[in-house]
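Colleague: From first to last, the protein sequence lines are chains A and B. Mapping of the first sequence onto the working numbering: residues 1 to 282, in sequence order. Mapping of the second sequence onto the working numbering: residues 1 to 356, in sequence order.
Just so you know, the hints here were simulated from the structure itself, not pulled from any lab data. Incorrect hints may have been included.
Once the Cα atoms are required to be at most 30 Å apart in a straight line, the calculated DSS-like pairs of lysine-lysine come out as [to be verified]:
#, chain 1, residue 1, chain 2, residue 2
1, B, K338, B, K199
2, A, K232, B, K199
3, B, K246, A, K129
4, A, K232, B, K246
5, B, K337, A, K129
To list a few chain A residues with every Cβ distance to chain B over 12 Å, as calculated [to be verified]:
#, residue
6, V91
7, P98
8, D108
9, E179
10, M262
11, V268
12, I269
13, V270
Every residue, glycine too, gets a C-beta built ideally from N, C-alpha and C.
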Amino acid sequence: MRSNPATHRAMRRRSVLPGFGVSAAITSLVVTSLIIIPLSVLILRAASLGPTEFLEAAWTPRARAAYAVSLGASLVAAAISSVCGLLVAWVLVRIDFPGRRLLDALVDVPLALPTAVAGLVYSTLYVEKGWLGRFLVPLGIHGAYSWLGIVLVLVFVSLPFAIRVVQPVLESLDRDSEEAARMLGASRVQTFLQVIFPAIFPAVLTGFALALARALGEYGSVVFISGNMPFKTEIAPVLIVSRLEEFAYAEATAIAVVLLAMSVSLLVIVNWLQQRVANNSQ
Amino acid sequence: MNRSFLTLGPSFQPLARAVVVLLAAATVGCSGSSSTTGAGNRPAAIELLNVSYDPTRELYRDINAAFAKHYEQEHGTPVTIKQSHAASGSQSRAVIDGLDADVVTLATWPDVEAVAKSGLIRPDWQNRYENGSIPYHSVVVFVVRKGNPKQIQDWADLDRDDISIITPNPKTSGNGKYSFLAAWGAALAAGGSEDDAKKFVSAIYRRTPVLDTGARAATATFSQKGIGDVHLTFEQEAHLEVDESKGGLEIIYPKRSIRVDPPVAVVDQNVDRKATRHAAEAYLGFLYSPEGRAIIAKHHLRPWGDTPPPPAAGENWPAIETYDITFVAGDWTNAMKKFFGEGGVFDAIYQPQGAK
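In isolation and in its complexed conformation, chain B is listed as follows (with noise of 0.2 Å):
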């Protein structure tokens, strides 16, 4: 695991601040006493961390390649990018308790939006990169045994009691939250009532035998050990799953589904200490360049804006409707009070009855 050990609590966290500022400042003070050399010299090389949730690490190995080459033909700045992939919201913690990200490209809105009440990161995040700092979208899509022997099309054919269905927690898992939302929004969008959805959520999680902790553990309990008839999971992980299983699997996409929404921001405090800002924000900048918008798409992920390019040469994104958090939940702090707060309806669906 490539983390940080250094993870205080937040009540650690003015000391720790304490130290950083004063160590800042010691070398600010060392470096003006010595800069007869002119304004305006650069570090000579820049590292940048990128911490990042579990299915972009193929992602980001292509982008962090083509950035790096890309920068040092711009700026005359060599830069090397390390990498960070956990579970999106331990992620979120751990720069939160000290992890030192330049960016943070992770999961859910509510992860970096939890880093920025930390006041790492400033209150505008989502105003500096078009459509809201989201710079690529994802849907949720149904993965099946070859042949779909039990003929899933839409989200209507998970109610039968036929049906098995394989989707990780979404208490612990943002890919569990997405598959929980993506099908609560199928029932809303198919004229369902509240009500409707929430006896539609229920019979889906009474037909879920396992509910694994994470994404790539739900694919392992799909694809490895054959439990399930159905998975829930993002486009770019079921073509993963899909290309992995050498036939054994196919990808459906049912006509609704909800859009994925990864959000990025700079880490303001961090880029400011380490005087990494101009190669963080430019990284994230990327992401928008038609360069990046490539390679995104080569990885199965939407990239945002008018025409994205197709995933591959003479392939095309199949057509899906969707709908968003706004149409499901109104925001994501009223979904996740809801939906997966402690006693709203995820574990409610649990409760024995009777139990209070």
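Extracted from the complex, chain A is given alone in its bound form (with noise of 0.2 Å):
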């Protein structure tokens, strides 16, 4: 960099915030010492193994059914969260009722609990002589103990994300435009679909981007109300933290390499998908 005090003074000038300098060392100091690193760490030793050691310990076919049953019960979940989101969004934007404050209080509330409290709730209330269990199983329907078990707990988890992604693009939408659109002749389904969804649209993304890539992290709920069971509901953090108690760090460091490989890669296309539905609407 050639340092040409004139472009340097225009340089400060230009940034409305002070202390450029300090908040980027901050920055990188936090971003490099609590992500990249404890990134590195994890990639280097996995690749402590050889190519066919690294498929052995993390493509065995027990770790694909896990791969299978953390994919997807995640997607599931973060589809269900991002509906469920949306409409309890609009109702905590659009309508006002009594008690609306107390519900928008208590959609963080999956934030703050620890989440294997809520994997020994949901499981008790769904076994058999459980509250909702002993409706539920008569009718076949297995809350606790299986795969709709792990959904229901990503959902809990996941349902903030959603709701309160959207939520503020549903405040900021202008209503002179769905006015507008109901005025030209519009249905109020064409308004919805033509002039509310494009606008949300994009932060209904964002919500099952952030609802997926929690859901597929979760580990404390998931292992109380799943029953763990090897190529049913046994889900890869399982199957890493069964590798640790043999001491094999590398193996176990495999399996969470393609776990994570998997989620960034379904990240991307969440984000590529957003970018295009962006482009398009504008």
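Reconstruct the complex from the two isolated chains, following the hints.
Modeller: Spelled out as structure tokens, the structure:
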């Protein structure tokens, strides 16, 4: 960099916020020490295995079944969270009813509650003798120690993200355009599909991505409700823990790396979709 | 969780150790130059960290109080003991990665041996205390619903189609490992072959509807959620569970079962650095003293040695024939590989037909 005092001063003047140097230093320190270094260690550990050893550790039939459970349940849970999150956000923003503020506060509870508690409570409710289970199990609905149970707790932990991302977008939505659409003769369905939905869809997708990321990384609540049966309800993080019990660090990190790669690719796909949608709607 | 947040991996250990050694050298240097007060001055107060596993929480609370009093009387030095409890295997890894334990009191031999292999404990640790450094034993017993409605008396009853069994995942839980080994040994002790044992153990796990990752979670599944007809667990855990249930559950002693051997060891490198060896060794020695043995018995662990004190006045230890790991698998290394290793017997139980 050539240090021309004039340009320097010009650059400084251009920034509205003061303290660029300090904040940049803090940002890079935080990002490096909290994200980049731990992730590099993870990948380095896994790289200590040769390619065949890596595959043997991370791509066994059992591990593949566990990835399928983790990914499948997370995708379903994120989809449910996105739809329900949109509805809840809509109610909170557009409808004024007594107790709205309370509901608004309740939405954040899943973020604060230790997730193991959620897992325990859910499984206690849905077992055969539980409050809900005694009605549901006779109907063949097993909400505990099943795939459905995993989805239930994952919706619980991921719903706040879906709601909180859509909510501000709904709040800032311009009601004039809705009214204009109605006055120009659009039906209510048309107004929703062609005016409101395109405006909030990118936010819904972001909510989906966050909910998915949250669900993929969840461990505490799932181990209490899934039953952890290999090939059926065993999630990948449980496999990681069982490899660690054998002091097989490298093999455990290999599974973690595959899981990480899957989540990153999913997030990249969702981001790409979101950008396309955003570009199209402009 | 009272765990250290400093958990560096092995690759970082040389660096971490170098730093520690430098710091220690600096401290020794300083104290050396100013030690004009005379030799033999111990630090005023000693703090020990006992890294243990889940079911010993209540036991060590009592032991610590009694030992602190005892040690101060004998040596005039006040001592406080901090405890850390979690699953045995993860505790072992935490110590290897830098948790500053003075002593480890873990569930299984491999957990202590792993710390020794990392160099923190000298290889002869098993010979430092009596009975191979195992101060107390337990056995795996059955917990059943009140009145034993399914009439479960012995291991053979677990092979009935109407029985569902609760036991934690042996791959993640020490309690689960012992239950697995107990069942395997029961089949052998009844005169069965290795194949019979494999069939019997497979039958048990096929009737296990939930594989919790830890012992306390399995207890909750059985006692709180009412799942299963029989819960396999350690004798002392069974007593806690039955006391909690206020008459809803009872213990059944099978004719034979496995003897549980939880070993203890002083973490040599840590106590030498912290100058706490004397207190740490006395602490583990206390577990073999009459006072220590009485406290151990009170918590329904069977103290090692002749004529173990009873769990309570007027009560006796129920008789049970025991076998140990040698009978079941030769030794722990073999057991870990054969039963719980990747692709081992336990994995094979869940392998779908036709899959590799």
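Colleague: Hinted pair, alpha-carbon criterion (30 Å max): B:K337, A:K129. Please report holds or violated.
Modeller: Given that 30 Å is the threshold and the Cα spacing comes to 39 Å, the pair is violated.
Colleague: Are the Cα positions of A:K232 and B:K199 separated by 30 Å at most?
Modeller: holds (22 Å)
Colleague: Going by Cβ atoms, does A:M262 stay more than 12 Å from chain B at every point?
Modeller: Holds, since 21 Å exceeds 12 Å.
Colleague: Is the Cβ of A:P98 farther than 12 Å from every Cβ of chain B?
Modeller: The claim holds: A:P98 sits with its nearest Cβ about 37 Å from chain B, beyond 12 Å.
Colleague: Just double-check A:E179 for me: nearest Cβ-Cβ distance to chain B has to come out over 12 Å.
Modeller: holds (54 Å)
Colleague: Evaluate the condition: distance from the CB of A:D108 to the nearest CB of chain B exceeds 12 Å.
Modeller: For A:D108, whose nearest Cβ neighbour in chain B is about 24 Å away, the distance exceeds 12 Å, so it holds.
Colleague: Grab the minimum beta-carbon distance between A:V268 and chain B and tell me whether it stays above 12 Å.
Modeller: Label holds. Min Cβ-Cβ 28 Å, cutoff 12 Å.
Colleague: Beyond 12 Å on every Cβ pair: is that true for A:V270 relative to chain B?
Modeller: holds (31 Å)
Colleague: Is the Cα-Cα distance between A:K232 and B:K246 30 Å or less?
Modeller: violated (35 Å)
Colleague: Can we confirm that no CB of chain B comes within 12 Å of the CB of A:V91?
Modeller: Per Cβ check, A:V91 is outside 12 Å of chain B; nearest 34 Å; holds.
Colleague: Hey, B:K246 versus A:K129, does the alpha-carbon distance stay inside 30 Å?
Modeller: Answer holds: B:K246 to A:K129 is near 19 Å, not above 30 Å.
Colleague: According to the definition I'm using, a residue is off the interface if its beta carbon is farther than 12 Å from all beta carbons of the partner; does A:I269 meet that for chain B?
Modeller: Check passes; 30 Å lies beyond 12 Å.
Consistency with the previously given hints fails for numbers 4, 5, ordered from lowest to highest.
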